[in-house]
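A.B. asks: Sequence:
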Amino acid sequence: MLTRLCVKNYALIENLDVTFGTAFSVLTGATGAGKSILIGSMNLILGEKASLEMIRSGTKEAFVEATFEFESPPPEPVRRFLSQGSNVLLLKRQVVEKGRSFAFANDQKITLATLKDVGIVLADLLGQHHHQSLLNPNIHRELLDRFSLDTTVLRDYGETFFRLKKCEQELKETLEQEQLSKERQELYRFQMDEVDKAELQPGERASLREERKVLQNARKIISTAQRISHGLSGEDESALNRLKILLREFESLAELDTSLEDKVSQWKDAVFSLEDLAFDLARYSDSVQADPVRLEWVEDRLRLYSDFAKKYGVSGSESSSDVDSYDAIMNYRDRIEKELKNLENREDRIEKLKGKVESLKAEVFTQGQAISKERAGGAKILKQKIEEELRELGMKGTKFDVQFTPLSQGGSTAEVVSGKKACYAGETGLEDVEFSISPNPGEPLKPLARIASGGEISRIMLALKTVLAKVDNIPLLVFDEIDVGIGGEIASLVGKKLRKLSRSHQIICITHLQQIASQGDHHFRVFKTQKGDRTITKVKVLSQEERVEEIARMIAGEQITDLSLEHAREFLDEAARAQG
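In this note's numbering, the protein residues as written are 368 to 947.
Honestly, the hints are just simulated from the structure, not real lab data. Warning: the hint list may mix true and false statements.
[Unchecked claim] Okay, derived cross-link-like pairs now, DSSO-like style, lysine-lysine, Cα gap no bigger than 30 Å in a straight line:
no.	residue 1	residue 2
1	532	708
2	678	580
3	752	766
[Unchecked claim] What follows is a list of derived Cβ distance ranges for each label pair:
no.	residue 1	residue 2	range
4	483	902	29 to 35 Å
5	933	810	20 to 26 Å
6	671	529	50 to 56 Å
7	697	654	17 to 23 Å
8	633	678	57 to 63 Å
Computed from a prediction, not measured in an experiment: that's the story for all the values here. A virtual CB, placed ideally from N, CA and C, is assigned to each residue, including glycine.
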């Protein structure tokens, strides 16, 4: 509830500090006294647009401050501004030169958008050009649902719809990945086929390098081997022939000294070894061939290893480990084989997701239809009750209805039935909801936001608020101009309805009628006075006797008579008796 309103330098208000009570408060005063200015300051604190004209002439800034206290858990937009254990919210709005303004919630600076979000859950100002949540079609669906639905029905639907949207998103992402995976599958298959056809072998790269060295130096190897072989045994003056001649002389020497016999054996072994070496070199030189075709093949094979190492394994440099490059290439081949299998399994995943999406669509549609049916039933009852209230409020020819519009395709909706006439679902059902009204007989129904202004709209809002009192959680209702064009029994009935509504909401009402003013629990008089050469607006809370005088003034005008005082007391006594 609103407990305190402080206003400084706002239009005719110089410095105002009003404390409000619970239930039903009325504000009265002569025309032009400044009642609408006070309502305007409330509009400002609820996030409406500021202007330079609001600042009292001769001052540089206007200031409005409102204190709200909560007995039950506060609405969601308010909670983040309350410290633990606190139930008080202090809203401030400052308007400075050039119409710029600043807003604060419990001394925390906030944007105007945030202030509006907070304001819309705190109060409804019902009258011409005022802050009114009921003129927002987004509120209509919520109120109708509270009026006609079990909360678990909408909660269950919302959970199913959330699962559907999540599953659709997963399917979309998987399909996008599938498109990419097809390209990867083709690449992986090509790479596996390339590696398999190459028939790489462990250690082959090192062997090829050695063979390449031989092939590149074949002529030199052959000529050198032949020269060595010939030098050892191919001439009369060869090394072996000279060693054999020397061996015979050494054998004759050993015959003279038997201690040299072991050396003879060593000499013979050396000769035999050199003979074997000469024979092997001759055979080796015959085996080595200068084969450019084979050399080209070896070069190509080594380039293949180098390319594969770069593409699939390690660096292709000559210094890289042959074993590491082979292992890296084969490890890569094994890895893409596994990934290829996973990519191929994604097709099964897509089919499962498609099936799940279709199942959830059917579930959302079924639950949505059930909600639509209950909404339609609730709308009929709501229509009857509101039109009955409007008749009692003197608006006999006024028609009320609830318009249902099927949802259209959008980012926040999901198509749940396809075909010639697609059906889309949103997070709250299959349709948009908007209240419509026709204030005068013969006129077509129009959206609530486009109905007439002033007292007519206030009475319509009173009817709506009365019927929806139990499901409308806006704590503060401020009625302005609700008594325009009414009087007598209708005025008395409006006052009683406001009092009844004050059992579930805090009510503040500006009125010119004694029938309404007498029903209030708290009575404030708004009046103008002079301060020096300036006119200022003030607000005074009235005692019981002052209240009698104010209501007498409302009955008889400025010339209060004994009869008007008596009538005023009768109005107050009747209101007291009605309260029980």
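A.B. asks: So which of the earlier hints does this model not fit?
C.D. replies: Hints 5, 7 not satisfied by this model.
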